[in-house]
Amino acid sequence: MRMKSIIKFFSSVKLAIGLLIALALASVLGTLIPQGRTVEEYAARYGQLSGFFTRLQLTHLYHSVWYLTLLGFFALNIVVCTLTRLDPKFRRAFHPRVQAEAKNLLVLKIKDRLKKNAPLPEAKAELVKALRGARYRVRESSAAGRAILLARKKIWGIFGSDFVHAGLLVIIAGGIVSGLAGFRTELKLHEGEVQTVPRADFSIRLDKFTTLYYDEDPGLNPEQRQVKSWISAVTVLENGREVRTHNIEVNHPLRYKGSNFYQSSYGFDPAPAATVDLAFELKTFEGGRLEIWAKKKSVPSYLKKLSLKAGERTILDETEGLSIIAIRYLPDFVLGEGNKPETRSAQPNNPAAFIEAYRGEDQIVSGWVFANFPDFTQMHASSSAGGGQPFSVIEAARDPGTWLIWAGCVLIMAGLGLAFYWPTWEIKAVLEEAQSKTELVAGGLATKSREAFTAEFEKLMASLRRPK
Amino acid sequence: MNESTLFTLAFILYILSAFFYLAFLFSKKMGTARTGSLMAWAGLAVHTAALIVRTIESGHAPFTNMYESLSFLSWASVLAFIIIDFKFKVPRIGPYLMLIVVGLVALASSPLMPKAATPLVPALQSYWLWLHVSVTLLGEAFFAVAFITSIMYLATTDPAKKERMDSVSYRCVAVGFPLFTLGGLVFGMVWAYKAWGTFWSWDPKEVWSLITWLVFALYLHTRIVMGWKGKRSAIIALVGFLAALFTYFGVNYLLSGLHSYA
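Protein chains in written order, with my numbering: chain A, 1 to 468; chain B, 1 to 262.
Isolated chain A, as found in the complex (with noise of 0.2 Å):
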């Protein structure tokens, strides 16, 4: 009894049109409140509130017990709705019942009757032949001077919203299975570096890293470029052999072993002080030279004058290894179309520099500086080598529920699909047999497309109409 009326409560349509609306109510909530924040930031946030939020798991929301218990219960709610549905269902599809009654017929909506100048084999075997030509699956029951056919036809239309649910219930299951099987963790690799991925009998190797953008003029800062790609090119390694290389970037992952790995971030360990220390002034460009004087910050006394030719490299330091080039030289300094450097004119209304500093052949700083403005110069720390070290951010995740999300999403849109585009279409006949004449009742059902259906249904009556 008990166990009944749980069975009663869970196979309620009611309940799910509830937990449809509280499910869709706590989501909103959800995201008007920010998820997965500081204590601290809720506390300036909401003040008072903020105890009271983290109470109520407000703060993660679609992780809160409360949540994941509607979740529950609407996976329990879509179980005991299928079940209790699909037996009934079953049979009406593979073993009904073939029963009707002409005056049951009659008050259908979709409906017809007719007188046919022929016994009843006869009668009957032409509106078999008509409603198979039609596509139906017929099937009859006879009795003597009386028959009663059932014709239905894309069946499988009835089991869509199953299928729907069955697809649901798949997700939730891959949705519980990457919660407790599921593992990720980002892997912080320089070039050259190796690291042993976690879950894993293998080890992956960051071979280069490079950023590529869409405007490679390098008189534009780093920021000013827009980022066309980040490139971790690494190496698979299986007991210390290689076995895969793979170019690892944005919507390209590496697959290896069910472990994918993306990625996620970049960026580069702190410089060495001497790199950023350096600052330059633009004094004169007189015949073609440029006169440069760089600058320690940490050193006052510090002070090299430079005479250098645009595009010519020059040693600023011999015992540090340290070198200059001025890469450009503009007179008249503006921002052009899409914030790129040019002249106006070519008189020296605004000199200005583009100057790469180098260790070795490491470029370690760049930047405009201009004659006019020497506090505006800025000198970027370079990304390539010699600056700090680049590292790449790749994440590793092992996620054994991936497959069965893609499963249930296939399930949807089929059923999506039979719910909504694969209607069946049942007709019902009684055929009965008076003085060597048939009298023939018919009704059709139809849940979607009521309108080709009665054309259909139309068509059928007509052809049996018409004399042969």
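It should be emphasised that the hints constitute simulated quantities derived from the structure, not laboratory data.
Keep in mind that a hint or two might mislead.
As the list claims (entries may be wrong) - No more than 20 Å apart at the CA atoms, straight line, and that leaves these computed lysine to aspartate or glutamate pairs for EDC-like: (1) A:K448 to B:D166; (2) B:K194 to A:D215; (3) A:K228 to B:E163; (4) A:K448 to B:E57; (5) B:K87 to A:E249; (6) A:K228 to A:E238; (7) B:K194 to A:E242; (8) B:K162 to A:E451; (9) B:K89 to A:E140; (10) B:K161 to A:E451; (11) A:K116 to A:D87; (12) A:K109 to B:E57; (13) B:K87 to A:E456; (14) B:K194 to A:E395; (15) B:K229 to A:E451.
The structure presented is a predicted model; accordingly, all values stated were derived computationally and were not measured.
For this one, chain A is given, so just place chain B on it according to the hints.
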């Protein structure tokens, strides 16, 4: 012809279409409605050309910023309307739909929306951009038509008209719901898995598309299982479209999250 000329031409044709449909509303002459429909067709053709030109010029799918996606949404709405009108012969929804389309196109053309085609950030460089956005917006366009028919259901007192609007609303949801499920949720999950490494991360846009989905699931259950029709169905469809609209528009401006592109 360049994209902005074609876009402006489409805009003019949509305005003409809205004008003729409005005239039809008062004159009740079928000929006027046919002219309106013709203008909508012509506008759609020119708009299609504008989208193609933009795709060729920018080298990527024409829905990567708010201007582009508004343009595509208005294109999809006209397409959805033309399909529904072709199938169910409901020119009466023309004036309202075309007014909304004119509004969307005006918003897209406003100085608020930067028009420049910018190169794609790494996260958007995927063929899933095409599949995810186009199918989702097409689904939402059908919700928009259902929204209009639902309002018309609530506004009219003529029982025959009411029944017609109720049935057309349902047919729109029957097209929009599978499209939205496929494009918004399924393709969205597949792409998220490929780009971010996780199929679902409770990002506000994801949650709001789930909310939209739940509302239309509610629409279908109350209607098919409990036999709700008419007024209550119309109200749920209204709420569903507003949720879809918030997913599309509101989330970007009011909530922050991963979907910060458009």
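How the hints compare with the structure:
1. The suggested pairing of A:K448 with B:D166 holds, with an alpha-carbon distance near 14 Å, which does not exceed 20 Å.
2. Between the alpha carbons of B:K194 and A:D215 the distance comes to roughly 26 Å, so the proposed pair goes past 20 Å and is violated.
3. At roughly 54 Å between alpha-carbon atoms, A:K228 and B:E163 are farther apart than 20 Å, so this suggested pair is violated.
4. A distance of roughly 45 Å separates the Cα atoms of A:K448 and B:E57; the hinted pair therefore is violated under the 20 Å criterion.
5. As the CA atoms of B:K87 and A:E249 are separated by approximately 45 Å, the hinted pair breaks the 20 Å bound.
6. Under the criterion of a C-alpha separation no larger than 20 Å, the hint pairing A:K228 with A:E238 is inconsistent with the structure, at around 32 Å.
7. For a cut-off of 20 Å, the pair hint linking B:K194 to A:E242 is broken: about 25 Å separates their Cα positions.
8. At roughly 18 Å between alpha-carbon atoms, B:K162 and A:E451 fall within 20 Å of each other, so this suggested pair holds.
9. Under the criterion of a C-alpha separation no larger than 20 Å, the hint pairing B:K89 with A:E140 is inconsistent with the structure, at around 40 Å.
10. For the hint linking B:K161 to A:E451, the alpha-carbon distance of about 17 Å falls within 20 Å, and the restraint holds.
11. About 39 Å separates the Cα atoms of A:K116 and A:D87, which puts this hinted pair outside 20 Å; it is violated.
12. Under the criterion of a C-alpha separation no larger than 20 Å, the hint pairing A:K109 with B:E57 is inconsistent with the structure, at around 56 Å.
13. At most 20 Å may separate the alpha-carbon atoms for a hinted pair to count; B:K87 and A:E456 meet this at roughly 17 Å.
14. For the hint pairing B:K194 with A:E395, the CA-to-CA distance comes to about 12 Å; that is within 20 Å, so the pair holds.
15. Restraint check for B:K229 and A:E451: the C-alpha separation of about 18 Å stays at or below 20 Å, so the hint holds.
Consistency with the previously given hints fails for numbers 2, 3, 4, 5, 6, 7, 9, 11 and 12, ordered from lowest to highest.
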